[in-house]
Structure formats: C-alpha cells, structure tokens
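Colleague: One-letter residues, chain by chain:
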Amino acid sequence: DVKVTQSSRYLVKRTGEKVFLECVQDMDHENMFWYRQDPGLGLRLIYFSYDVKMKEKGDIPEGYSVSREKKERFSLILESASTNQTSMYLCASSLRERYGYTFGSGTRLTVV
Amino acid sequence: AQKVTQAQTEISVVEKEDVTLDCVYETRDTTYYLFWYKQPPSGELVFLIRRNSFDEQNEISGRYSWNFQKSTSSFNFTITASQVVDSAVYFCALSPISNFGNEKLTFGTGTRLTIIP
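Quick note, the sequences are listed as chains A and B, same order.
Here this note's numbering runs 45 ahead of the position in the first sequence, where the first position is 1.
Each step along the second sequence adds one to the number in this note's numbering, with nothing skipped, and position 27 is 26.
No lab work stands behind these hints, which were simulated from the structure alone.
Accuracy of the hints is not assured; some may be wrong.
Said to hold, decoys possible - Straight-line distance between alpha carbons at most 25 Å, and here's what the computed BS3-like set of lysine-lysine pairs gives:
1. A:Lys98 to A:Lys48
2. A:Lys102 to B:Lys15
3. B:Lys69 to A:Lys100
4. B:Lys69 to B:Lys15
5. A:Lys116 to A:Lys48
6. A:Lys48 to B:Lys15
7. B:Lys37 to B:Lys15
8. B:Lys69 to A:Lys102
9. A:Lys98 to A:Lys115
10. B:Lys15 to A:Lys115
11. A:Lys48 to A:Lys100
12. A:Lys102 to A:Lys63
13. A:Lys98 to A:Lys63
14. A:Lys102 to A:Lys116
15. B:Lys15 to A:Lys100
16. A:Lys100 to A:Lys63
17. B:Lys103 to A:Lys98
18. B:Lys2 to A:Lys116
19. A:Lys48 to B:Lys37
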C-alpha cells in the first residue's frame, strides 16, 4: 500500500516562526498536494506539485511556500507563522492519470 | 469554476438505520470524476469511491451505495444498516479529467455522521 507520511502529528509554534511541514510518499507518485482543513470550510488546496522542482499555487497560497527537491518529498513552509494559520494540514499524493489521492494522517498546527 | 456542496453539516442516526449523505456539484467540464472520502477520528482521509461522469450507473459495495444523477448534478451516498464504525466525516469531491492526468480535487465542506449505539 502507498504510504504518505507527515512528519509531525501535532505541532505548536510561535507567531513569526518559520515552520516546515514535511510529507513523504513511498510509491513514486508524480503528484503531491497540500491542503488545509478547517471546520465549516472543508479542504482547501494550498499548493501542488506535478513533478520535481515544479509547483503551482492552489486556492489559498498566501503566507505559504513549498519545496519539492526530490520526487518523494513535498515540504510546506510557513515563512512567518500567524495565528490564522492554526489548522489541520493534510498532504496527499497521486499517480498521474490514476485520479484519487492517498492522504497522510495530517498535522495539527497551532500557532500561539 | 468548480463547486461541491454538502448541505448537511451534521447527521446523527441510531445504529442500524439507513442514512443518505447528499452531494451536489457544479462544473463546466463535460468530463469529470466524482469521489467520496471518509475521515475517521484518526484523521486520515480514506478513499471510498470514484465515478466517471460517463457512467451514471448506481454502485453498491456491501452496505454502501452511491446514486449518481447527472440531470440533478448529484452524487449521493447511502449507508444501509449503519454501524458505529461508520461514524466519521465524509467528503464529496470533484475533479476535471485532464489530458495530463494532473487532477486537482475540489472538496465539499464535509458531513459529520454520528451513529448512536
């Protein structure tokens, strides 16, 4: 089975800190995605990547950046964390032309 | 623009009752995929089903069934004889079918289903 692993399950950071959320998948998927999940808003796409070193903005990219130096790893970066970035962050990957994601377990980030 | 609406925010039913989760979508694409995902308390979204817009046949998998009606842009999900393990948040999602196979899913806001023992 494909596994998508997010490095932290829970994270608490201070306002203004630079935060790295790591995601690794082990099945050579081309596509990787970062979503945030908030009550009443569902899942909203932050950034996605179709290949190494490629990235595209999703629906809510402001305040975030990403890095994909290797195919299996997709990092989400909060350049200067703010309290409104407190959320559940979900990473997903998919095989091109297969449609349908495999999700990680999520990282619940609290910014204080 | 694509949109997925799950009007039911929360549903509670007693165990063994049947329950239907509604999903209505909007898209200008002529071809697309529809999905349902389950998010149990552990947090990880689990893929349940994918349907192609070409295929309007209903699908049944054990206690789960899906009713896809293109005429009403709906893709409803029914759980028959519900069990406590069905308690979760359920998401409906929509994706265009692209030539490059690089899909972006648009999710609904989810329906929290609670099965009361």
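Colleague: Which hints from the list above does the structure break, by number from lowest to highest?
Modeller: 2, 3, 4, 6, 8, 10, 15 and 18
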